[in-house]
Amino acid sequence: MEDLRVYFFTSRGISRAVDGVSFHVGEGETLGVVGESGCGKSVTALGILRLVPAPGRVVGGRVFLEGEDITKVSEAHIRHIRGAKISMILQDPMTSLNPVFSIGSQVGESITIHQGLKGRTLLKRVIEMLKLVRIPAAESRITDYPHQMSGGMRQRVAGAIGISCEPRVLICDEPTTALDVTIQAQYLELLKEVQERTGVALIFITHDMGIIARMCDRVVVMYAGRVVETGSVRDVFLDANQPYTISLLKCLPRLEGVAHLESIEGQPPDPHTFPPACRFAPRCPKVQPVCNEVYPEMVKVKEGHMAACYFPGDWHRDK
Amino acid sequence: MGRYIMGRAVQGLTSMFLVTIFVFGIVRLSGDPLQMLLPEEAPPEQYAEMKKLLYLDKPIVVQYWKWISRVVRGDLGTSTKLRIPVMELIGERLPNTLQLAAVAFAFTLTLGLAVGVYAAAWRGSVVDYVARGFAVMGQAAPSFWSGIIFILIFAVYLRWLPAGGKGGLSSIILPAFTLGWLPVAGVMRMTRSSMLEVLNSEYIKLARIKGVRETLVLWKHGFKNAALPVLTYTALIFIAMINGSVIIETVFAWPGIGRLVLEAVLNRDFPIVQAVVLMFSTWYILGNLFIDIGYAYLNPRIRY
Amino acid sequence: MNGLARIFRRGNASAEIAAAPAVMAARRRGFRFQFVPMVPGAIILLLLFTAIFANLLAPFSPVGTTLADSMTPPSWVEGGTTKYLLGTDLFGRDQISRLIFGARVSLSVSLTVIILGIGLGTTIGMISGFFAGKLDSFFMRVVDMNLSFPAILIAIVMAVVFGPSFRNVILIIVFVQWARVARIMRGESLALRTQDFVTLARVAGASNRRIIMRHILPNVFPTMLVLATLEVGSVILFEASLSFLGVGIPPPQPSWGVMVADGRGQIATGWWISLFPGACIFFTCLSMNSVGDWLRDRLDPRLRTL
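Residue numbers (my numbering), protein chains in the order written: chain A, -18 to 300; chain B, 408 to 711; chain C, 2 to 307.
Here chain A stands alone, though its shape is the one from the complex (with noise of 0.2 Å):
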């Protein structure tokens, strides 16, 4: 995905949710994409599917699905995508599932769709794969309404939904945030073993740094319609190299040093009146003179690794 800009023309004027963002993800990898909330990390998603609500649109930028730039083709052509090749997972179980449509129906939607199933065959393939998402007794709950399920079972059947089709591409926007702990554990396991076994690639939304530690292979840092900052998520973690990234981390409680965790002070810019400076400068303890001035350009940090900073990494050590 190259440079994609989802803009928002509302009343007030422009709102610029997604402005040039860039990355990549490769079969099997699991991607994550960090940032606070209104960073633009979901509308992203909306953007990749070219779901965007009014009154957003795509304005530019590019998507690549297996060399074919998706933000072209028809709009038959990208529902023959959305659901086989790109499939996604929302936030919250309890609203995502239609209530008036038993599971099994909702499951084998898709199926029927994209892949032509009907009847017996529909039946099996659907049971097929609420076992794999382990749904206990499958055969039994397919005429089950969402009401009558837990959240975290309502969340399975969203994966299942998800995956049915076998994607090439699974976007999990916060999939477990309405999902208690324990519960979480569980369905990020379970998302790790169906991606082991049909070797989909998944971008993980999430603002929760522990999540993408424990998930991801490389991580993509946003804010305020931006990547300010990319890189495998050993590299990103151990060695931060944007401000943001850093405020972010130190958000995070750790065992040994629950004493100084810290919040990040001041509030994002209004994507309405973006600056042509460095969006973060209000709120970044190092800000510079430069930083106020024009919008830093992504710094190779080392292979893999790139920072939207002035001063990548010149200073975070010191604490």
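Don't take each hint at face value.
[As the list claims (entries may be wrong)] One side of the interface only, derived from the structure: several residues of chain B facing chain A at Cβ under 10 Å:
no.	residue
1	S476
2	R477
3	G531
4	D535
5	I611
6	I616
7	R675
[Claimed, not checked] With a straight-line Cα cutoff of 30 Å, these simulated DSSO-like cross-link-like pairs (lysine-lysine) come out:
no.	chain 1	residue 1	chain 2	residue 2
8	B	K465	A	K66
9	A	K66	B	K627
10	A	K105	B	K631
11	A	K66	A	K53
12	B	K488	B	K465
13	A	K112	B	K631
These are computed hints drawn from the structure, not numbers from a lab.
Glycine included, C-beta positions come from ideal geometry on N, C-alpha and C.
Place chains B and C on chain A using the hints.
Below, chains B and C without anything else, positioned relative to chain A:
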């Protein structure tokens, strides 16, 4: 589920009981029931006959009991003016009213639901604005007046449709349209706001993510959820039809129950009035009961 | 994780804070033309003015007949005169004067009905919702029954039984209208009675009467206001319908409904007789409804399904 139906049925019965008390009482409330029930010029033997029929010399509870047991057996009395059994009169006029109501109802559901769904889906479009204008006007225009204006336009000037009376198929168009306008407006508004809410939901997002075609997103995933609140509104359509029939049938000289009852009221022919009020109220209460039960069936969340 | 969550929550709140100055700036800009509620509001004010000063504004008596001028068309139509701007009816009565006095009839009926109906409905609704229990289920049965009557039909029957008069029309409409108000008000106070401030008042030893007057009533007041505005339109329609059917305001008093009925027989020869009074009803209701909708969106958006 069974308990729920039982509870609703008991409620319906209580309402029915109160309705019969009202219908029974209204004639007595105003003084001498004989004077209310009989025309002034009625011969004395008719007075005596009526007095015996009503058990006026007995206590009021007995009077009610005698009356209600006759009603339950289907004996609604005889028209004092026309001297024809009320049931016969109703049987004669009812099909006309039902025809009119059926056409208006079909018109309400198809137009109200379809336009409501698309007004929500294409929010802010021309369809949306026209639909909302149509709805707002329908809720402000008095039906007796819009009926007359339609007659003026389509019957007097354009001469496309008959001005009134019951003739061929073309004679039902104007009255049905006039009768349906208000309920169409209501259904449209309800469907639109309900659809708007549903279309914002996560499960609609998920349906689109799955690659479901937009038509199916609207009608399968969206409409089935949005239809539930609209269904409750159908009860109101029913009242609108009943209330409306009195006015519309007068405007278009349609030989139905509405006109029968209005003439009866103006002629002080109370057995007919009692019968019609009772009938309409019963329908309404039954209709409500079925809607509640239907609601429970359609909505898996309250099925217990 | 917790630290992060805290920031994110603050991040969300900040969006609202950031939006606030913009809203305030828009308000500070001062007078801005808004079609609703200004145009319908102006129509309503004009109508009130007309109704109050009807006797000064009307060029002729609303009931005086001049048979020689029967069925004069409006002034701009061939055969019309400037003497009767909107023409005359079958009895040669001036349409404009009748419309002006009709405004007085419509508004006085609807305002009286609204005051009585909303008052009755609110009282019963509040008591029913506040005390809940047996009293509540009794009142709600009565309300259900009232709502299950075909309103027009019942009103017609009552009009004939009690005789048509100005006072009876008002009482009849109140009778068919209060239940709707009561049901909504009951819902409101049912929700309020479990609120903390009511419990607190009870703990402080306030009497039921005091709680209702001091805590429930002020909180249901916006709903009451919205309902009152929204109901005016339907009351005017209802009165006009009764008058049209001949069981409302007794002739020769000029009610808009009666005037439409007067023109019904003459529709082919005198379209103006029905058209103008009907248009008056239409625009009055339209204005009332749109002001009511606007008020509801402002004060009580939860009522949107009404």
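Can you name, in rising order, the numbers of the hints this structure does not satisfy?
1, 2, 4, 7 and 8
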